[in-house]
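S.K.: Note that the protein sequences, when read in sequence, are chains A and B.
Note that numbering that gives the first Met the number 0 has the first sequence beginning at 0, numbered continuously upward.
Note that numbering that gives the first Met the number 0 has the second sequence beginning at 0, numbered continuously upward.
Don't read these hints as lab results, they were simulated from the structure.
Certain hints may be false.
[Claimed, not checked] Partial list, computed: chain B residues near chain A (C-beta under 7 angstroms):
id, residue
1, D187
2, T209
3, L210
4, L216
[Claimed, not checked] Covered stretches of chain A, going by a simulated chain B footprint (3 or more residues, C-beta under 8 angstroms):
id, segment
5, 23-32
6, 38-45
[Said to hold, decoys possible] Pulled a few chain B residues facing chain A out of the computed Cβ check, cut under 8 angstroms:
id, residue
7, S174
8, D213
9, I218
Ideal placement from N, C-alpha and C gives every residue a C-beta, glycine not left out.
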Amino acid sequence: MAIRVKLDHLLLDRRLTLTELAERIGITIANLSVLKTNKARAIRFSTLEALCRELNCQPGELLEWTREESESPT
Amino acid sequence: MRAMGKHSMASFVTVVLNVSLGLLALALVLTIGLLIFSPFIKGPIEVDARWLVVGTRMTIPVSLAVDPGAHRVAAPSLGIQDAQLLNLRGDLRFPTAPGSAFFLGNAALLIAILVVALVVVGQLRAVFRTLRDGKPFVPANAARLRWVASGVIAFEIMRAGIVYFENYYAMTRFSAEGLRFEARLDLDVFAIVLALIVLVIAEVFRAGTTLDEDRSLTI
């Protein structure tokens with residue numbers, strides 16, 4: 000997927016574990032793991048808001064767009 | 000009674016389909032055995048061209064027309080003197096030699112029909128197992144339903160073809176007083192329409208599976 004979630008970097012910076020973050024934002028570790036491993040299809044605004052609040056960051060710091068090899072520049 | 004989950008309607012149908020699958024497999028093994036060993040069998044064998052019956056004679060489906068002069072149909076209490084019997088169908092039973100081409104052809108067609116039936120029932124069983132387990136929206140179910148629908152269409156076309164062939168065989172070789180053997184196409188259009196509906200449902204299922212996957216991967 001071209002959109003990547005940079006959760007691992009932010010967790011490392013904030014010295015937080017996945018379990019702690021999951022507890023703080025109120026979602027399961029399994030779901031957070033789906034997000035961290037970039038397997039998620041979509042993210043709810045409420046989840047994004049909770050993540051930004053707990054990680055003290057902007058959505059842009061959490062998400063990153065990368066060009067896929069199959070995509071050609073327009 | 001619940002539709003899905005354990006001790007539900009789906010689990011009951013799963014048991015019925017398990018039994019059906021076992022019976023079909025047994026019928027297939029018996030028919031293949033009959034086909035292989037028929038040249039060595041002395042004496043007559045019975046094969047029902049539609050439903051497997053092993054015995055002493057052969058039974059085939061026939062279509063008949065009644066000669067009104069020979070068989071008068073009337074209802075005197077209603078004042079009806081010239082009623083007509085139309086579109087008669089029945090079974091014709093006769094002795095046959097195990098090694099004859101007609102016998103072998105029938106057994107081969109029966110094997111083909113049993114294989115299609117096994118595929119259909121097997122796929123249907125897999126679908127009902129997911130219903131029993133409470134997880135119907137698995138991607139494989141859409142493909143399974145497509146297999147079921149295609150199998151039902153193939154089964155119906157093969158069955159109609161066999162019935163027509165048997166009708167034609169009886170028409171060209173047998174005669175009966177006051178009756179005329181006919182070759183009629185007995186295609187069950189309703190079964191084919193139902194199969195086409197299942198094909199559409201399979202597509203709905205596929206879309207539902209995608210939506211369910213999207214929902215489960217939305218965090």
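S.K.: If a hint holds in the structure, say so; if it does not, say that too.
M.R.: Do the hints match the structure? See the list:
1. The beta carbon of D187 (chain B) is not positioned within 7 angstroms of any beta carbon in chain A (closest approach about 43 angstroms), and the interface hint is therefore violated.
2. Hint status for T209 (chain B): violated, given a least beta-carbon distance of 10 angstroms to chain A, over 7 angstroms.
3. Of the supplied interface hints, the one on L210 (chain B) is violated, with its beta-carbon coming no nearer than about 11 angstroms to a beta-carbon of chain A, more than 7 angstroms.
4. Evaluation of the L216 (chain B) hint against chain A yields a held restraint, the C-beta minimum of about 4 angstroms falling below 7 angstroms.
5. Counting residues of the segment 23-32 of chain A whose CB lies closer than 8 angstroms to any CB of chain B gives 3, which reaches the minimum of 3, so the coverage claim holds.
6. Taking a C-beta to C-beta cut-off of 8 angstroms, the segment 38-45 of chain A contributes 6 residues in contact with chain B, enough for the three needed, and the coverage statement holds.
7. Restraint check, S174 (chain B) versus chain A: the minimum CB separation of about 70 angstroms is more than 8 angstroms; hint violated.
8. The restraint placing D213 (chain B) at the interface with chain A holds, with a minimum CB-CB distance near 5 angstroms, inside the 8 angstroms limit.
9. Restraint check, I218 (chain B) versus chain A: the minimum CB separation of about 5 angstroms is within 8 angstroms; hint holds.
Checked against the numbered hints given earlier, the structure breaks hints 1, 2, 3 and 7 and satisfies all the rest.
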